[in-house]
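> Chains A and B supply the protein sequences, listed in that same order.
Using this note's numbering, read the first sequence as starting at 1 and increasing by one per residue.
Using this note's numbering, read the second sequence as starting at 1001 and increasing by one per residue.
Bear in mind the hints are in silico, worked out from the structure with no lab data behind them.
From a predicted model like this one, the values you see are computed outputs, not experimental measurements.
For each residue, glycine too, the CB sits at the ideal point set by N, CA and C.
The reader is advised that the hints may include incorrect statements.
As the list claims (entries may be wrong) - Partial selection, computed: residues in chain A whose CB lies under 8 Å from chain B:
{"no.": "1", "residue": "Ile61"}
{"no.": "2", "residue": "Thr84"}
{"no.": "3", "residue": "Lys92"}
{"no.": "4", "residue": "Arg94"}
{"no.": "5", "residue": "Gly129"}
{"no.": "6", "residue": "Pro165"}
{"no.": "7", "residue": "Val168"}
2 protein chains.
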Amino acid sequence: MINYPNGKKYTPTAKKERKTKADISISSANRGMSLEEDINQSSEYYSVNNIALIHKRPTPINVVKVDYSKGAKIVDAYFEKQSTTDYNGVYKGRYIDFEAKNTKSKTSFPLANISKHQIEHLKRVIQHGGIAFFIIEFQIQNEIYLLDASFVIHYYEHGERKSIPYEVFKTEGIKIKQGYNPRLYYIDAVEEKYFK
Amino acid sequence: MINYPNGKKYTPTAKKERKTKADISISSANRGMSLEEDINQSSEYYSVNNIALIHKRPTPINVVKVDYSKGAKIVDAYFEKQSTTDYNGVYKGRYIDFEAKNTKSKTSFPLANISKHQIEHLKRVIQHGGIAFFIIEFQIQNEIYLLDASFVIHYYEHGERKSIPYEVFKTEGIKIKQGYNPRLYYIDAVEEKYFK
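Chain A with its partners taken away, still in its complex shape (with noise of 0.2 Å):
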């Protein structure tokens, strides 16, 4: 069976499961919500506060064929790759840009989801002045940081384990404060990285 390009099988409805008995029994705040269902409820409560606009690219599809007989239904196509992040925007005039990944490791960050284009979109980013960085999920901890998308590009290129120590997060992140509206204030950890 071939899954999605992320590895993980593409559920329709968009709400995609993180439940998972370790979290049920670790984590007291849990909520059943997925990473990236938290970011786009926090986005949508920056977009209406007027305080960021940052929206999520959607997948690509190459669309093969298109049924115009039946209302424009697309009958044929396949998931690609991004070849960028999953979301972008403006945040007092600058480009933000980043990634959002969870694991259930304890002790890493493993970099086996992060694409070569991907990192060569970040470079890119970083070097036209643009703020680009990961959000990351330590779900066994319960825990959620920026981290500065320079450190995962040290990693991932120069990194022998190809992953990034849950140390790392520690010292060099900045922990994402988690709530209900927004569920991740995840602009407050921009504005402390990069705005002061």
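We have chain A already, so just place chain B on it with the hints.
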């Protein structure tokens, strides 16, 4: 027959034909390329040459059903309306956001193809200090202009005829130089309008 949200039939190959008999007889520089292809080619040039990083947002598609027995083939899906613009990215650290349209009218650019959502999106971009504009091609004249989004917003909300006179482009827009590589020197126009 229901068509693609923008009123045009979707061509799966992404090579949209814009050549008409009128074009062929009028435009000596006709290259049989669509404005979208020209922008994509130019963005690629700007990216490779480290001048700017601009991407076209993928068309949002609502995936209803995926057949995993056939290699993750999408068998039921529908096009969704783009709630933002088609292009965004970064130039000199600033956030760039724009929409591209063409018209066969000689005298004005009709706003019928611009959605309320896109206008709201562009207002927010400006509010957050981003650079927002339209790239409009007058096909008969074979002229392409950058026009700041504020003009489009103004005519959209206050114009009686729901169109922007060609003269406004001549006086308030920046004419985009056309060439071979890049096909459209649209970043030159951005530089002239926003960085001088």
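> Compare the structure with each hint and give your call.
Hints, verified against the model:
no.: 1; hint: Ile61; result: holds, 5 Å
no.: 2; hint: Thr84; result: holds, 6 Å
no.: 3; hint: Lys92; result: holds, 6 Å
no.: 4; hint: Arg94; result: holds, 6 Å
no.: 5; hint: Gly129; result: holds, 3 Å
no.: 6; hint: Pro165; result: violated, 30 Å
no.: 7; hint: Val168; result: violated, 26 Å
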